[in-house]
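Residue numbers (our numbering), protein chains in the order written: chain B, 35 to 280; chain Z, 35 to 280; chain E, 35 to 280; chain A, 35 to 280; chain H, 35 to 280.
Take the hints with a grain of salt, since some may be wrong.
Identical copies go unnamed one by one, so any copy, or any two together, can satisfy a pair.
As the list claims (entries may be wrong) - Straight-line C-alpha distance at most 25 angstroms; calculated SDA-like pairs for lysine to any residue: (1) Lys95 x Leu199; (2) Lys276 x Val88; (3) Lys140 x Val105; (4) Lys91 x Ile120; (5) Lys276 x Pro155; (6) Lys276 x Ser86; (7) Lys138 x Gln167; (8) Lys140 x Gly58; (9) Lys276 x Ile248; (10) Lys276 x Arg172; (11) Lys95 x Ser153; (12) Lys136 x Ile216.
The set of hints was computed from the structure by calculation and includes no laboratory data. Computed from a predicted structure; not experimentally measured.
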Amino acid sequence: MDILTVIGIVLGISAIFVGNYLDGGHIASLLNFPAIFIVLMGTFGAVFVQTSLVTMKRAMKLLSWVLFPPVIHLDKDIARIISWSITARQEGLLGLEALIEKEKNKFSQKGLQLLVDGSEPETIRIVLENDIQIFESRSNEAAKVFESMGGYSPTIGIIGAVIGLIHVMNNLADPSMLGAGIATAFVATIYGVAFANLLFLPCAAKIKSVSRSIVQYNEMILEGISAIAEGDNPRSIDLRLKSYLN
Amino acid sequence: MDILTVIGIVLGISAIFVGNYLDGGHIASLLNFPAIFIVLMGTFGAVFVQTSLVTMKRAMKLLSWVLFPPVIHLDKDIARIISWSITARQEGLLGLEALIEKEKNKFSQKGLQLLVDGSEPETIRIVLENDIQIFESRSNEAAKVFESMGGYSPTIGIIGAVIGLIHVMNNLADPSMLGAGIATAFVATIYGVAFANLLFLPCAAKIKSVSRSIVQYNEMILEGISAIAEGDNPRSIDLRLKSYLN
Amino acid sequence: MDILTVIGIVLGISAIFVGNYLDGGHIASLLNFPAIFIVLMGTFGAVFVQTSLVTMKRAMKLLSWVLFPPVIHLDKDIARIISWSITARQEGLLGLEALIEKEKNKFSQKGLQLLVDGSEPETIRIVLENDIQIFESRSNEAAKVFESMGGYSPTIGIIGAVIGLIHVMNNLADPSMLGAGIATAFVATIYGVAFANLLFLPCAAKIKSVSRSIVQYNEMILEGISAIAEGDNPRSIDLRLKSYLN
Amino acid sequence: MDILTVIGIVLGISAIFVGNYLDGGHIASLLNFPAIFIVLMGTFGAVFVQTSLVTMKRAMKLLSWVLFPPVIHLDKDIARIISWSITARQEGLLGLEALIEKEKNKFSQKGLQLLVDGSEPETIRIVLENDIQIFESRSNEAAKVFESMGGYSPTIGIIGAVIGLIHVMNNLADPSMLGAGIATAFVATIYGVAFANLLFLPCAAKIKSVSRSIVQYNEMILEGISAIAEGDNPRSIDLRLKSYLN
Amino acid sequence: MDILTVIGIVLGISAIFVGNYLDGGHIASLLNFPAIFIVLMGTFGAVFVQTSLVTMKRAMKLLSWVLFPPVIHLDKDIARIISWSITARQEGLLGLEALIEKEKNKFSQKGLQLLVDGSEPETIRIVLENDIQIFESRSNEAAKVFESMGGYSPTIGIIGAVIGLIHVMNNLADPSMLGAGIATAFVATIYGVAFANLLFLPCAAKIKSVSRSIVQYNEMILEGISAIAEGDNPRSIDLRLKSYLN
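If we strip away everything but chain B, and leave its shape as in the complex, we get (with noise of 0.2 angstroms):
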């Protein structure tokens, strides 16, 4: 689990409610139901007009990477696919065959399972980067739909706010009426920002930022089975490799 994460979450949600308690107002006063209302169903509406099931659903998905996102351990995995190259190197590249089921990683087999068929140098870099390039734009796509909340929000905290206001601008002459009025305006308009700012927003970067990351590892893959494909000596593959650590 990243534990920066959680803490980020923490020191988001204490950031308006213990900041409300010090500044002396009352949790209450932070608490509307139709504000919340307005901004949630209206963030969904917008964001579920422009998203087709699938993407929704890797979207979904997807949300688990920004507790837990995948464990990438680079220096290990150098050391696997220069163990492959010397493999390869002594047993010619059908000696790979048998480490193709244990492989975990999918990405990771498929090369291996290229360079077992004995694919050209040049198919295996097509095929493989074909891949990486479809994971990448799907996992923007999916990023997109929080980053779309994140847009959203905010502009529909503000149609929250004006509904509110106007509720005011009607009952101008019954002042009992004045306070719940201007509170849903105001609530409306926190809600719709603290969801983009603290939520939505910080979503989609993490899922892009934990993307990127998978494709610069599957990007080190690549590298190493082409090297191999390409018959380079262990030695050399290494000191490319070596480029994707610290």
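The hints should help you fit chains Z, E, A and H onto chain B, whose structure is shown.
This is chains Z, E, A and H only, laid out in the frame that chain B set:
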């Protein structure tokens, strides 16, 4: 029909009207003809100035994608391309001629025609890539019509609000006019923001996203047709196209 | 004349004036000389500082595209290029010499001249691509003049509004001055936003869109001229250029 | 001197001061030392933090381009390059040696030196393209200094406004202090927006635009020098370079 | 130490505190604990959610670049590369082996090691370009941490302001509470905008700019090492690298 989009539209509208009701407001306070006139006329005016008739017609046509996006079955299509490659291996490229007329997808049809004509692999790739690129740039141009509406609409809403406020200022002495002016002012803001965020921008994003998935689908077909032209074996083609699944 | 653009301008102006009338406002309340002076002088001032005389002249010239965009008949031009390729096949490239003077489009003329001169296909492509690229970058520079106006105008409108409000603040004791000051303030905002959203930005977008379609048109001609230089047969050229239709 | 820029500066300043006068305001209400102090100190502070001394010096040097952009005569330079190509044809590349010292433009000088040294056409292109790229990235870095000023200045203006308003709030009981505070508040907003929109952003845009035209000019020289190195005939070089005219 | 950055920080802080003093305000009115709590907790919370621990550590490490950017002497380094090329000419590439250990810069060291290993020029270029690219993408990721802080901080400031205003609204009947609430509201805005514009955004821009100059420096070394591997003569290498000066 894209059920998520329908749910999204219902959610968006109910966010405003149910939210207003929950807050204790009357529905009448959200309806104001001058406000809706200013926002819609102004938004369409701005977009009409910048759009050619051809692009406007295409935008209206692609609008149907929002509710009825083309259905794509990548797995069936990969199987079909593999079957083409087997036919080409067994009967030669001319064996594909009988399939051209049966093929419903125009892009695949063009690809098959190029194969049957015996065009160079390089030529096939250039012609089909050009097709994809022109399709992409034209559907983005169409999506931009709605994106522009989403950009203009909130600012035109502000024009409507300020017109209402000027009206109020000129009648400070006559308090009976105050209500109507402020209503136009605030409601124009809601219309501007709501049309943009619940309608125009999500529609633009949906059209772009559908266009992207068609482009990716066509790139898969291009990849398959190219591989057949280059004489790849069915197994290797299958491996290449599987990237597009999942 | 682009009828949609004319309708757009009429809609935009009537959105403000008819909308103001429907709301019960007087037209006089929208007219304020100091406000219009501040917004237009400020906007032109900012744009003049950043624009060279050459670019400003080009921008003024391309402004005519907004109402009178060049008419493009892709189908007729494809037919013409096919007829060139047939002539080149029958009479050799020199057979195209007679057509150069008749050709009205300067870009096609240059392409034909390059063919008749017997330039290498590679050279023809480089020269014509360079032409397209320079044309594109220069018309974008011209469009950016109006885009910048659209960027500066609303903020200059805010300057006008604040000048009006300061005026009001300094005369709080004299309520008879209140109206004029607030009017300048609010009307300056309307001018700033309306000029930008109903005029400057749509004009910039129209010029860019016209430029894009000319670029695409020239790319089609380049594709055709290149294919003739490479000795492609008319049928294959037809197939390549058909991508640009629809 | 770029007369349009001078006119622009005059228009921008008069927009504010004449506009304020037309509106019936006193010039004194636009002058406020604390406001100008906050906006300028804050803006320069933010930019100094992010800029290295080398870049700041370059930015100050390139600022002169705003009023005195380098004069470029594309037609004369094309004629000069053609004359070089004729010399190279008649006397060999060494015949260009006498011209190097007379050449005032450093970029052309380097190109001629490379020709006379008998460098490979490929090397000449790489060296000169590298020169252009570094020049472009460094002048953009310099332009970004003013762009950043234009980004920081309005928000620092808001800080100034809020400081003034807090001051007002703390003295609600003493109405004699109200005027001064609100004046600082509003005037700080004007300063922030006006410096950004009438000075910093237009200067940044001008520097970028001058840089772009120098880059295009150098690309033309690179094109000519390359063509001479490749032994193209003067007529073909003329055709290639004519793209840059008009 | 980068003196301009120190001056910038002093200017930014004094813009606010001296400006407040010049305007006649008390320093106490700018200090408010709940406001600073909300802004900093909220901003760090949002950034922690989106950032992995690895990236956060790198960001903290690169923060030192703001005050202590690495010193680069391009002229000395060009001279050193030329001396390497002379050594390589006289003693062969193995003659460079003695220099590897003396070399302090890790990137140059890797380049020299590749030369001494007798790697192909193409391989050297790929390995070193990969190194540069990974360095660039990782330092940009680190800079983005501060850029995100600069994006979140003003909107969290608005949350703080609205919390303060709600507090005020709920105590309209008790005027003695008015002051504190409005103070939190306005001061939270100042904190949000000031932290972003005087600290977070300039730091992000500085880190990016330092990263860019290191990238350019490494590209120069790559250019030199490549040229040595390709066997260019020292004079030609000098000509190529001189582009990076000035």
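Structure-based check of each hint:
{"no.": "1", "hint": "Lys95 x Leu199", "verdict": "neither (39 angstroms within a copy, 39 angstroms between copies)"}
{"no.": "2", "hint": "Lys276 x Val88", "verdict": "between (37 angstroms within a copy, 18 angstroms between copies)"}
{"no.": "3", "hint": "Lys140 x Val105", "verdict": "within (15 angstroms within a copy, 28 angstroms between copies)"}
{"no.": "4", "hint": "Lys91 x Ile120", "verdict": "neither (42 angstroms within a copy, 35 angstroms between copies)"}
{"no.": "5", "hint": "Lys276 x Pro155", "verdict": "both (21 angstroms within a copy, 18 angstroms between copies)"}
{"no.": "6", "hint": "Lys276 x Ser86", "verdict": "between (40 angstroms within a copy, 21 angstroms between copies)"}
{"no.": "7", "hint": "Lys138 x Gln167", "verdict": "within (21 angstroms within a copy, 28 angstroms between copies)"}
{"no.": "8", "hint": "Lys140 x Gly58", "verdict": "neither (55 angstroms within a copy, 55 angstroms between copies)"}
{"no.": "9", "hint": "Lys276 x Ile248", "verdict": "both (17 angstroms within a copy, 19 angstroms between copies)"}
{"no.": "10", "hint": "Lys276 x Arg172", "verdict": "between (28 angstroms within a copy, 15 angstroms between copies)"}
{"no.": "11", "hint": "Lys95 x Ser153", "verdict": "neither (33 angstroms within a copy, 44 angstroms between copies)"}
{"no.": "12", "hint": "Lys136 x Ile216", "verdict": "neither (63 angstroms within a copy, 64 angstroms between copies)"}
The structure fails to meet hints 1, 4, 8, 11 and 12 from the earlier list, while all remaining hints are met.
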